[in-house]
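Given chain A's structure and the hints, the job is docking chain B onto it.
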Amino acid sequence: MKERQLPRARVDCISREFGDEVLVYDLQQDVGHCLNWTAAATWRLCDGNSSPSQIAGTLSRKLSVQVDESVVLLALDQLADAHLLVEPEVLPGRPSRRVAIRRMGIAAAIALPLVTSIVAPTPAQAASCLHGGSPCTSNAQCCSNVCDLLVTHRCVLG
Amino acid sequence: MSAFGVRAGVRVNISGMMPGILPLLPPGWKVSHRVIVERLYSLVVGDGCERHGMRRLHVLYANSMRVARDTSLNLVLEALETDLQRYTAEATPQMTFLHAGVVGWQGRAIVIPGHSLSGKTTLVREMLRLGATYYSDEFGVIDDSGLVHPFVRPLGIREDPSYAQTKYTAKSLGAASGIKPLTMGMAVICKYEAGAQWQPAPLSRGQGALELLANSVAVRSQPHQTLRRLQKLVTHAVFIKGTRGEAREAAASILNQPCPDKGLETA
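Same order as they appear, the protein sequences are chains A and B.
The first sequence begins at 1 in my numbering and counts up one residue at a time.
The second sequence begins at 1001 in my numbering and counts up one residue at a time.
Chain B on its own, in the form it takes in the complex:
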């Protein structure tokens, strides 16, 4: 398969597994007929016979490196999905991947960069409930023109103490998914704190770009491309930063911010 210019292959030791693997591939993947791939995943499904005192293990390799080994096939398949997405984000020469939630609103992209557990997906979900269009809860995908592309996959919302994600499609939340790449209108840098009031402060374009840099997947391996695309990305954007309490309050406030075209200037 090929996605964002990255070619990867998946092979399995038993037949009939592939239909279950296809939904795990990165959004927008295509069949590649090239024989040589950059990363080859080998999924070894443990045989069905249980021997006394022995565990049946399923093992996933990426090239010659073991990625996962577990008795639960579902967990190993989850590892395949995660690793393949991460590798694509890191290796693609065509795009810059930001760790961010993204929604479309009034023809512009609102980008919410942030580390794991910062509450991106929760905020994205609330914006979808208020009528925003779903673009991603994991990666903002930026092209050479600075446009933000959709990376649509089910939202993974962490609802229990183990941080396990429950998957929701945008449709199940009553939202549409974006298709067209958008110009970024706003970036929201926020963290969650119980009981906090959402009172964001404007951030300068340079400081905002630095926040985006801090969430760029491949900045270490592709610094030139990353900076060049960030420079294009932020041209028409405003940045706000703050601590939020309940996502609903923050989401409503963010969507009510005037867009840059309507007079909100960058700090």
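Chain A extracted, bound-state conformation:
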């Protein structure tokens, strides 16, 4: 089996549990991710030694319900998009959300995997902006996002 079919989770991230979900902070890219239970459980099982079908089997045993491999592939797809896997390459047979839903059945015991991401703000972005006419040294400080750096060194009116 090729290595790319044995997904491995990145370890250079910080993760914390928030109820059923896990917040992951990517120290390299300064991006925060929220993994729902299914995505988080899949991510934790990405040890570099288990294939997607083995991960699906482990999840099935943990939950005592049948977890289809397409659900795991969907989770891996999202985790790869979020750069939470080592060398995330295109996995074989990228499943569609529709296929995964169909295979999970109507009365699914688990939620579809979901990874939500945000770029962490810089300190300037996470503070109140300066009004038109205020002294400024960069565009990011101004509500209008324009600091006249050539002449007045003041925020331009929005």
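Hints may contain errors.
Claimed, not checked - Here are the computed lysine to any residue pairs in the SDA-like style, where the Cα-Cα straight-line distance is at most 25 Å:
1. Lys1232/B - Pro123/A
2. Lys1191/B - Ser117/A
3. Lys1180/B - Gly1146/B
4. Lys1030/B - Tyr1168/B
5. Lys1232/B - Arg44/A
6. Lys1167/B - Pro123/A
7. Lys1167/B - Gly132/A
8. Lys1241/B - Val22/A
9. Lys1232/B - His1115/B
10. Lys1191/B - Ser1118/B
11. Lys1167/B - Ala140/A
I should point out that these hints are in silico values taken from the structure, not numbers from a laboratory.
Here is chain B on its own, set in the frame of chain A:
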């Protein structure tokens, strides 16, 4: 001076300026007798003599970096206040600063995270009019136990097209200011849209924490501490998210939400 474990100094080239500078220092500041500071502000007030064709400029430096240079001393002092607050929020090891409005209500904190111009202060003002206690219109300050501390300064309400802020004290709005740190009972993620109906949807704890992360001042420089404090902060909280129209309607609805202890579960 020292605030939240951050030491900063301010020096001015003329005497008699300091009493006007003290109100600009971060809430809760104390005199520090340590000689070494992490950030030294130097305010150079332009001399009074006007020469033909020359402008009298006032200049503010933070260490060796120029922060502001302007003919208006008031604008330069405003820059000092803003920069010092921002630096404190970014550099403090003791607390995590969230860009958020905060009020106290029934012994819990309601936190309203959001970027500039999202309408935090307007919503805070309306909640104060309905009897909430003022904690902050700029920063939610979170300690290691996940408690929310007051960061009381006059509310800066943007009332004109230049986004200039008019300052109002909580007292002038008939509200009391908080003193005790509070547990967060609710976080409200909202944006303003003229004419919108306030119909918030519940948000899961993880999604809510991600919204708070998106408004954490020092998450890039202190990611471990930020996540650890957020985890404690959200333990007993519910999250709602929506688009609001008039602040009055949204404020009344938010304050009428049952608190978590009374049965409202996290999504």
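Checked hints:
Our distance criterion of 25 Å between C-alpha atoms is met by Lys1232/B and Pro123/A, whose separation comes to about 22 Å. A hinted pair counts as satisfied when its Cα atoms are at most 25 Å apart, and Lys1191/B with Ser117/A qualifies at roughly 19 Å. At roughly 13 Å between alpha-carbon atoms, Lys1180/B and Gly1146/B fall within 25 Å of each other, so this suggested pair holds. A C-alpha spacing of about 24 Å is found between Lys1030/B and Tyr1168/B, which places the hinted pair at or below 25 Å, so the restraint holds.
Of the pairs offered as hints, the one joining Lys1232/B and Arg44/A holds, with about 22 Å between alpha carbons and a cut-off of 25 Å not exceeded. With a C-alpha separation of about 23 Å, the suggested pairing of Lys1167/B with Pro123/A holds against the 25 Å cut-off. Restraint check for Lys1167/B and Gly132/A: the C-alpha separation of about 16 Å stays at or below 25 Å, so the hint holds. At most 25 Å may separate the alpha-carbon atoms for a hinted pair to count; Lys1241/B and Val22/A meet this at roughly 20 Å.
This hinted pair checks out: Lys1232/B and His1115/B have alpha carbons roughly 23 Å apart, not beyond 25 Å. Among the hinted pairs, Lys1191/B with Ser1118/B is consistent with the structure: their alpha-carbon atoms are about 5 Å apart, no more than 25 Å. The suggested pairing of Lys1167/B with Ala140/A holds, with an alpha-carbon distance near 23 Å, which does not exceed 25 Å.
When held up to the earlier numbered hints, the structure conflicts with none and fits them all.
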